[in-house]
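A.B. asks: First to last, the sequence lines map onto chains B and F. Position 130 (the first sequence) corresponds to 130 in the working numbering; numbering is contiguous. Position 275 (the second sequence) corresponds to 275 in the working numbering; numbering is contiguous.
Hints were generated in silico from the structure; no laboratory data involved. Quick caveat: nothing in here was measured; it's all calculated off a predicted structure. Hints are supplied without guarantee of correctness; some may be wrong.
EDC-like, lysine to aspartate or glutamate: derived pairs with alpha carbons at most 16 Å apart [unchecked claim]:
no.	chain 1	residue 1	chain 2	residue 2
1	B	Lys-79	B	Glu-92
2	F	Lys-204	B	Glu-92
3	B	Lys-222	B	Glu-123
4	F	Lys-85	F	Asp-136
5	F	Lys-204	B	Asp-184
6	F	Lys-85	F	Asp-145
7	F	Lys-114	B	Asp-198
8	F	Lys-204	B	Asp-91
9	F	Lys-132	F	Asp-145
10	B	Lys-204	B	Asp-193
11	B	Lys-111	B	Asp-59
12	F	Lys-132	F	Asp-118
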Amino acid sequence: MPKMISSEKEIMVSSDKTARPLSRRNFLTYAGAVTGLSVVLSACDKDDDNKGVNLGSGDTGILNYAYALEQLEAAFYVKVIASPFTGITADETARLTEIRDHEVAHREFFKNALGASAIGALEVNFSTINFTSRDSVLATAKAFEDLGVSAYNGAGALITSADYLVLAGKIVSVEARHAAYIRDLISNGSFADNTVLDVNALEKSRTPKEVLAIAGAYIVTKINASNLPTS
Amino acid sequence: MNFNNIFGEIEKVDPEVYSRFDTRRKALRNFAGIGRKIAIAAIPMAIGSMFKKAYAGSKSTNEAVVDILNYALTLEYLEAEFYTKGLQSPLLIPAGAANRDITTISNHETAHVKFLKDTITTAFGAAKVAAKPNIDLTAKGTFADVLTNYSTYLAVAQTFEDTGVRAYKGRAAELVKGGAYLTAALNIHSVEARHASHVRQMRKAMGALVKPWITGKVTGIGTTAVNASYAGEDLTTQATIQIVNINGMGISVDAATEAFDEGLTKDAVLAIVGPFFI
Numbered sequence: 001m002p003k004m005i006s007s008e009k010e011i012m013v014s015s016d017k018t019a020r021p022l023s024r025r026n027f028l029t030y031a032g033a034v035t036g037l038s039v040v041l042s043a044c045d046k047d048d049d050n051k052g053v054n055l056g057s058g059d060t061g062i063l064n065y066a067y068a069l070e071q072l073e074a075a076f077y078v079k080v081i082a083s084p085f086t087g088i089t090a091d092e093t094a095r096l097t098e099i100r101d102h103e104v105a106h107r108e109f110f111k112n113a114l115g116a117s118a119i120g121a122l123e124v125n126f127s128t129i130n131f132t133s134r135d136s137v138l139a140t141a142k143a144f145e146d147l148g149v150s151a152y153n154g155a156g157a158l159i160t161s162a163d164y165l166v167l168a169g170k171i172v173s174v175e176a177r178h179a180a181y182i183r184d185l186i187s188n189g190s191f192a193d194n195t196v197l198d199v200n201a202l203e204k205s206r207t208p209k210e211v212l213a214i215a216g217a218y219i220v221t222k223i224n225a226s227n228l229p230t231s
Numbered sequence: 001m002n003f004n005n006i007f008g009e010i011e012k013v014d015p016e017v018y019s020r021f022d023t024r025r026k027a028l029r030n031f032a033g034i035g036r037k038i039a040i041a042a043i044p045m046a047i048g049s050m051f052k053k054a055y056a057g058s059k060s061t062n063e064a065v066v067d068i069l070n071y072a073l074t075l076e077y078l079e080a081e082f083y084t085k086g087l088q089s090p091l092l093i094p095a096g097a098a099n100r101d102i103t104t105i106s107n108h109e110t111a112h113v114k115f116l117k118d119t120i121t122t123a124f125g126a127a128k129v130a131a132k133p134n135i136d137l138t139a140k141g142t143f144a145d146v147l148t149n150y151s152t153y154l155a156v157a158q159t160f161e162d163t164g165v166r167a168y169k170g171r172a173a174e175l176v177k178g179g180a181y182l183t184a185a186l187n188i189h190s191v192e193a194r195h196a197s198h199v200r201q202m203r204k205a206m207g208a209l210v211k212p213w214i215t216g217k218v219t220g221i222g223t224t225a226v227n228a229s230y231a232g233e234d235l236t237t238q239a240t241i242q243i244v245n246i247n248g249m250g251i252s253v254d255a256a257t258e259a260f261d262e263g264l265t266k267d268a269v270l271a272i273v274g275p276f277f278i
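Between the sequences and the hints, there should be enough to build the whole structure, so can you do that?
C.D. replies: Next comes the structure, spelled out in structure tokens:
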């Protein structure tokens with residue numbers, strides 16, 4: 001059993017509806033203690049219905065959801081800066097490097113805030129993105145930033161802790177600043193057009209289910225969001 | 001801009017607010033249900049109807065609720081007036097991209113005004129909607145050339161947008177579990193942030209040393225009159241977690257402050273916008 005989990009830093013016990021991450025040490029203790037019992041350990045069975053990572057429930061689930069999205073964004077910008085697109089300007093390099101650092105800061109913030117409840121590192125797949133192409137990179141950046149803003153806006157009402165809500169608010173406006181900047185790079189003046197705004201000039205938000213369906217195209221790790229709050 | 005904290009504010013003047021909706025839980029569920037059941041365009045009407053039902057026959061409380069809604073509306077009036085007047089001032093905003101983009105932002109702020117007015121009208125009647133106050137866009141002379149000097153105009157625009165973003169955030173905590181009502185506030189908040197980002201880029205194109213995001217508490221504006229709008233933006237610790245070099249990631253102080261926008265209290269916002277009202 002330990003061999004099967006060698007790549008896992010954290011193990012989810014899926015025998016109840018709540019994701020309960022355990023440290024490796026604790027897991028091994030549990031595993032030893034329950035040998036022969038019928039406890040289901042999802043990480044031990046890759047074909048289990050709950051394979052992949054379970055975001056968990058309640059506010060922890062929402063924070064893990066945000067953590068997953070920030071992992072995706074950070075991984076993307078790390079690659080953008082590591083292999084810049086053809087013709088990138090000095091100003092674009094500076095701004096995109098800053099965005100990378102903002103997303104990495106968000107990712108690490110959630111990781112630390114979640115502590116033992118944090119999901120592990122997600123595996124991403126950017127094979128559909130041509131990192132040498134300005135158009136390809138900026139189009140993806142636009143999609144990710146708009147998605148992030150709509151995700152935070154849609155998740156706000158699902159958060160029960162005022163402190164977490166405020167923190168999400170501190171991050172979402174920075175994502176909106178990113179989104180507007182990227183959009184203006186693609187087409188100046190498109191910072192807030194009617195593809196992201198409704199008739200009242202309110203941003204169109206998305207539910208976690210809608211967001212994950214879109215983000216899923218870039219995430220290899222299977223994400224189980226079934227325990228997230230929906231209202 | 002401030003479509004926030006209506007329940008929290010009402011609770012201060014009417015501790016029974018939640019019982020008027022049966023229970024707090026039910027009140028919040030009512031809000032939560034709105035988003036699922038009706039089109040977004042109808043939210044002001046739906047929220048207005050809820051208050052109308054809950055407060056039927058309670059005149060003094062009605063006045064307090066109207067005051068709160070009109071407070072938010074008044075801040076929106078200021079922004080809408082600023083852009084409308086700017087666009088009407090000859091030779092202020094250059095033709096082309098600048099005019100196009102200020103028009104875009106102006107249309108959004110006007111739409112936000114309408115959103116709030118519709119809500120108040122539905123709940124309490126058109127007579128309760130606050131008239132647009134007399135506005136002095138020079139802030140009693142502080143920005144004397146705001147409607148004749150494009151550079152000053154954009155500096156004030158940046159300050160309004162960045163302050164607007166902070167105004168929402170400053171009271172988000174009081175809106176927790178606010179359902180569709182909270183979602184609506186968030187959906188305005190991010191639009192203000194998009195505006196701020198673009199206006200800052202417009203200023204950068206004219207030589208201002210600003211980025212789309214806020215670095216430290218740097219204003220990028222040549223007068224200390226706007227400092228209050230950026231006070232506290234230099235925070236590098238979030239929820240007791242130090243962001244600078246977090247987990248060995250090499251995050252600079254600048255990046256740490258840029259990565260998180262900070263809120264402003266109602267009092268701080270009122271102190272900032274006060275000089276613009278006559």
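A.B. asks: Among all the numbered hints in the text so far, which are the ones the structure does not match?
C.D. replies: Result: hint 9 breaks, nothing else.
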